[in-house]
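K.L.:
Kindly generate the complete structure, drawing on both the sequences and the hints.
2 protein chains.
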Amino acid sequence: MLENIQYFAKYKENPLLFKTILEQSKEGAYYCLPDTNEADILNIIDFAKKVKKNNIALLGIGGSALGARAVYNFLKYSNKFSRSICFLESTDPVLLNASLEKIDFDDTLFLLISKSGSTIETMSIFKYLLSKLELSQENFAFISDKDSPLDKLAQKHKINFFEIPKNVGGRFSVLSAVGLVPLALLGVDIKALLRGAKEVKDEFFSCGEIYTKLISKARFYVKNSNKININCLFSYSEVFRSFNAWYVQLWGESLGKKQIHSDLNVGLTPIGLIGPSDQHSFLQLIMQGKRDKSVSFIKIKDFKSKLKIPDINIEFNEDLNFINSLSFSKLINLQADSIIQSLKANADIALDILEIPRVDEPSIGMLFYYYELLTSLVAILFDINAYNQPGVEDGKKILRSYFD
Amino acid sequence: MLENIQYFAKYKENPLLFKTILEQSKEGAYYCLPDTNEADILNIIDFAKKVKKNNIALLGIGGSALGARAVYNFLKYSNKFSRSICFLESTDPVLLNASLEKIDFDDTLFLLISKSGSTIETMSIFKYLLSKLELSQENFAFISDKDSPLDKLAQKHKINFFEIPKNVGGRFSVLSAVGLVPLALLGVDIKALLRGAKEVKDEFFSCGEIYTKLISKARFYVKNSNKININCLFSYSEVFRSFNAWYVQLWGESLGKKQIHSDLNVGLTPIGLIGPSDQHSFLQLIMQGKRDKSVSFIKIKDFKSKLKIPDINIEFNEDLNFINSLSFSKLINLQADSIIQSLKANADIALDILEIPRVDEPSIGMLFYYYELLTSLVAILFDINAYNQPGVEDGKKILRSYFD
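Chains as they are written, first to last, in our numbering: chain A, 24 to 427; chain B, 24 to 427.
Take the hints with a grain of salt, since some may be wrong.
The list treats identical chains as interchangeable, and a pair is accepted whether it falls inside one copy or across any two copies.
As the list claims (entries may be wrong) - Within a straight-line C-alpha distance of at most 20 Å, the following computed EDC-like cross-link-like pairs (lysine to aspartate or glutamate) qualify:
| no. | residue 1 | residue 2 |
| --- | --- | --- |
| 1 | K175 | E161 |
| 2 | K214 | D383 |
| 3 | K367 | E416 |
| 4 | K169 | D427 |
| 5 | K155 | D130 |
For the record, the hints were derived by calculation from the structure and aren't laboratory data.
Small disclaimer: the values here were computed from a predicted structure and weren't measured.
P.N.:
Have a look at this one:
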């Protein structure tokens, strides 16, 4: 199970907070995704088995891609996937051109993911693809809201279609078809992914250990938000790079809002860091900079890696022989421990540690659900709506106005 | 030339500030790197020509790798490099294992970069390599401080060695051998890179347009640092992803410090964003969140890309036909413009725009020098030392103590 050790002031339970999140959870939304019924899961696995193409291209941006990408990058160093995947996320001309050049158009299933069914970036690339490919069941599959333009197009052309459940926003959708379909196509064990999330869900709603920890952390963050407006996630392994990006979207887009009962702008700023690399980049700022940051470390208990530092002396560098014969996995965890210890001793920063058992599907499922719950709790305390993003609409309107 | 349009309060010149930076620049350090003499540059180019291996592996972490990586990723979509490069930055066991598996040990030059000559991550990987390879001039080259353990090892074993100039710290070293040697090995035009930086240098120290802009921006940032403690760099193209990482290290590690004349912790927090992707992630927080952020946009005037959105109608999505026949380069710049306009109109955020002519060596040279100067100016105003990083030493001591 996910372990969370916290080194900041403890806050007790708040019955109203629990009542509100319990009510929210009964309305469905992302809360019930770990309980997705067996038939729906089998339907996705069955679809994945029937696809004849050996490669997947995921067309989607933001919440439509970040969840699947987080799992893919988490597992890619240790898993053998059944298909290759490429992400066509951006309309950036240089990146798009480079990605398109590598695609085998005859042997790729293009998976379009767009909640609204009319995301401008995704549709621009879709138009480009339609200049090369027939709109057929063999070439395409869609994931979108029911009754969206993509749903209608799917019906008309008999394209395989997966619905995004009602009230599940993009950044909370990784455990819905949005994440499960592309991951099933790669051969990821999506049942195990949901099982990990369900462990956290059950422990939270039955008021176990995770419940106590999440409530206390959410209350601490909101109580101190005027002073500590930046929340760093310092993940000790490269496997978390895309998970960090998922966290940044979840936290930033959910918590940067006007308050419901006032027009006050509130928000907490997420930062994703990777250890040990960012010890050589961001650590100095945490250690000696302004006291405006909290830091959550993520560690992996068992890397299952045997790579070792050989017992070799480098002349003029004899001082470093203390690391000889150490495994690289032991080294990275000791590096994390030493940074945590130095921050605790010298900087008096709000710290906590999240430790997952290993690099597998249940572990990342736990992390997803833990952060989704934390986001919901902080939003309730802030009196904001975590699930909309009204601030991004103006830019879209202005873009369109350039063409009038 | 680099253009900088600023939409925040203007601050006039401050004679003492200019006097101090002028004095600093006369002491050498990074300031004089754009004036590196022709013979030193030719020496590097000549070395690059003589190397027989077709692949480069750069062993280095933090400032030893981020600069070269920023240029490499900036150019990689449009340039043909003369060699391949891989970065062995981290001791992370999963990433390291995956990287090592891909290396052709017989046809790779391993370039070790470490200012101190005893960086633990770099030396651990070096030990691993020494278990596979002979310590010879054919296999290795070193870049380090004069008289460091690596310098001594190079002398003893006749390894090619390049010195890091005195007083040039890792994060300010991209225009020294640290950046120039690996980039010359890739066939990057390092003279053009330095020329771009020199344009900014000359315009600044002759008190031209860039001088006025940099002074005003630095003063605005410091004056408002209690309210605005986060500085976002929103770069509109994937080519800037590693440049953003370089900026994050430069800004965070230089500006997160105790003040020289007090023990007050000050600091500004850098965030790197990529457009348009992060319009679907971080934009909501900028637009409606707490007013604790400034945003600098980077745009490319001419992408030199011809990729177009075809004139294709998608049924049920006729509303989107306004983008038909538009080039993707035009679209990305219009997306940037629309976001800038919406932030100006609705959020009253401190904004500015940096526009570079195109994706080439002089353009990124300009950006490096612009940000280095800005960092130095802000540090002087904050009364901090931009060039050290005392906060990271404790962690190293604690790590070592685990083995006593």
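K.L.:
Now tell me, hint by hint, if it's right for this structure.
P.N.:
Structure-based check of each hint:
Taking the closest pair of Cα atoms, K175 and E161 come within 20 Å of each other only inside a single copy of the chain (18 Å); across copies the shortest separation is 63 Å, beyond that limit. Proximity of K214 to D383 under the C-alpha cut-off of 20 Å is restricted to the intra-copy arrangement: shortest distance 12 Å within a copy versus 48 Å between copies. Taking the closest pair of Cα atoms, K367 and E416 come within 20 Å of each other only across two copies (14 Å); inside a single copy the shortest separation is 42 Å, beyond that limit. In this homomeric assembly, K169 and D427 never come within 20 Å of each other (Cα to Cα): the closest approach is 30 Å inside a single copy and 63 Å across copies.
Taking the closest pair of Cα atoms, K155 and D130 come within 20 Å of each other only inside a single copy of the chain (13 Å); across copies the shortest separation is 39 Å, beyond that limit.
Consistency note: the structure conflicts with earlier hint 4 alone.
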